[in-house]
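*Asks:* Using the hints provided, position chain W relative to the given structure of chain A.
Residues per chain, in single letters:
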Amino acid sequence: MIKLVGVEKTLGGQRVLQGIDITIPAGKLTTVIGKSGEGKSVLLKHMIGLLQPDRGQVWVGDVEISRLKGRALNDVRKRFAMLFQGAALFDSLSVFENVAFPLREKLRMKGTEVTRRVEEKLEQVGLEGMGHKFPAELSGGMKKRAGLARALVMEPEIILFDEPTTGLDPLMAKSIHDLIVAMHQRFKFTAVMVSHEIPEVFGISDWVAMLRKGKIALMAPAAEFVKTTDPEIQEFISVSGPVALSGTASR
Amino acid sequence: MVERLGAWAIELIQEMGRMLLFVLSSFAWLTRPPLRIVQIVKQLHFIGYKSTFVVVLTAGFTGMVLALQGYYTLRKFGSEGLLGSAVALSMIRELGPVLAALMVTARAGSAMTAEIGIMRITEQIDALDTMAINPLQYLIAPKLVAGLIGVPLLVAIFDVVGIYGGYLVGVELLGGNGGAYWNSIESAVDWKDVYGGILKSISFGLIVSWVCCYKGFFTRHSAEGLGRATTEAVVLSSVLILVWDYFLTSVLL
Chain A
1 MIKLVGVEKT LGGQRVLQGI DITIPAGKLT TVIGKSGEGK SVLLKHMIGL
51 LQPDRGQVWV GDVEISRLKG RALNDVRKRF AMLFQGAALF DSLSVFENVA
101 FPLREKLRMK GTEVTRRVEE KLEQVGLEGM GHKFPAELSG GMKKRAGLAR
151 ALVMEPEIIL FDEPTTGLDP LMAKSIHDLI VAMHQRFKFT AVMVSHEIPE
201 VFGISDWVAM LRKGKIALMA PAAEFVKTTD PEIQEFISVS GPVALSGTAS
251 R
Chain W
1001 MVERLGAWAI ELIQEMGRML LFVLSSFAWL TRPPLRIVQI VKQLHFIGYK
1051 STFVVVLTAG FTGMVLALQG YYTLRKFGSE GLLGSAVALS MIRELGPVLA
1101 ALMVTARAGS AMTAEIGIMR ITEQIDALDT MAINPLQYLI APKLVAGLIG
1151 VPLLVAIFDV VGIYGGYLVG VELLGGNGGA YWNSIESAVD WKDVYGGILK
1201 SISFGLIVSW VCCYKGFFTR HSAEGLGRAT TEAVVLSSVL ILVWDYFLTS
1251 VLL
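Protein chains in written order, with this note's numbering: chain A, 1 to 251; chain W, 1001 to 1253.
For reference, chain A alone in the conformation it holds in the complex (with noise of 0.2 angstroms):
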């Protein structure tokens, strides 16, 4: 579905990529980890051209992506949704007109349809009653609902998570987690997420991806990439424990 082959990447002076080869395959969830700064969300806008490589190539099914612009670009983007670290509402939007947005300004929709659509993502994502709220009324969590609602309402191939848990407390998180498990599994769509939530993530992943110095140090289905014999993976996914398949921290 996405395969990066090759690909390399310099920010600010510092090569971040130093030559990644990935390919996510269709319909399962892909957690990227990795320590902070290693270029785990620098990895991601790859894959929807938010970013284009130095060198190397970005597949999306079989549209090379790397030099595209313009129509190309976005024609391969609408397979695509995106949840962002802090859920990028749009802050002059209320929640409702934030997720009505793709419906209006992509498909051309209006009326009840589009009502329709929104309410039924709202209540999806446990908002229902609040499409009248501004983003600035909203927690951390609600602003993350709110923009899984937006990344759900069109309905695509492809989502990708930057972060999506980051900045909340325990349970909002496994709340968080627990609904994109369940929009995953009732929508099938193709999942990548970076996050820091370790274990967490073995229990709701199909595959884990770890990133380290530049290029993909192991990436394997769960319940294999935690019995790892790699003494620095296993240091950093052990952190708070050794990780049950469970996706808990055994004591």
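Treat the hints loosely; a few may be bogus.
As the list claims (entries may be wrong) - On the chain W side, residues computed to face chain A include the following (Cβ under 8 angstroms):
1. E1123
2. T1130
3. I1133
Stated by the list, open to error - Covered stretches of chain A, going by a simulated chain W footprint (3 or more residues, C-beta under 8 angstroms):
4. 74–86
5. 90–104
Note that these hints are calculated values from the structure, not bench results. We put the beta carbon where it would ideally sit given N, CA and C, even for glycine.
*Replies:* Coordinates of chain W only, in the frame set by chain A:
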């Protein structure tokens, strides 16, 4: 030192090129559907209508102080009857376009830079990109159009209020001749003066919205970056208005 100077010169030329590409791309997107009429009207409301109070206030006091200074100067030569033309020509040719544009820069321009800068920092502009919506078409082009329409309208208001402010002081307060005030305006002001004022106001409207939108769009990702962008936008807009005013005046005269 030569190397630093060279690097600075190259950076300056690159910045000028980026700014030109920015405004040309934005205008190119204007011609493609959807036409964003609602956004244009909203921006016109923000830049134009909401700046009216500060423009009226500035215009009133500018006209009043112009009349105050002018009256006593002209009285030395027994030419108080020319007060109306002095106030009107100053307003229409120079003070109206320049001061109105500077007020719009301070009020609406800085707000535009801050709004777009915050959208950049909080990834709202990236969100538009990911939804395959061009940020130049959705965000920037309506602001450019609103600047081109709104500032000339504000300048017209500025001129009228300023002339009446001059009348208030010159005639009502200082006892000048009201008939002479209006007659001198009618005889001195012609279409060339008005046309020059309109041309200036349109170009100043473009400068304000262009520079302020550009600085906000390319804000660095930090609070310090946003603060710097807002300051640079206001300073650069103001300087460009004054510099362009000189060149346009030298061409028009």
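*Asks:* For every hint, state whether the structure bears it out.
*Replies:* Evaluated hints:
Taken as an interface hint, E1123 (chain W) checks out: its beta carbon lies about 4 angstroms from the nearest beta carbon of chain A, inside 8 angstroms. For T1130 (chain W), the suggested interface contact is upheld, since its CB lies about 5 angstroms from the closest CB of chain A, less than 8 angstroms. At about 6 angstroms, the closest approach between the beta carbon of I1133 (chain W) and any beta carbon in chain A falls short of 8 angstroms, and the interface hint on this residue holds. With 10 residues carrying a beta carbon less than 8 angstroms from a beta carbon of chain W, the segment 74–86 of chain A meets the three-residue requirement, and the given coverage holds.
Check on the segment 90–104 of chain A: 4 of its residues sit with their Cβ under 8 angstroms from a Cβ of chain W, so the three-residue criterion for coverage holds.
Every hint from the earlier list agrees with this structure, and none is contradicted.
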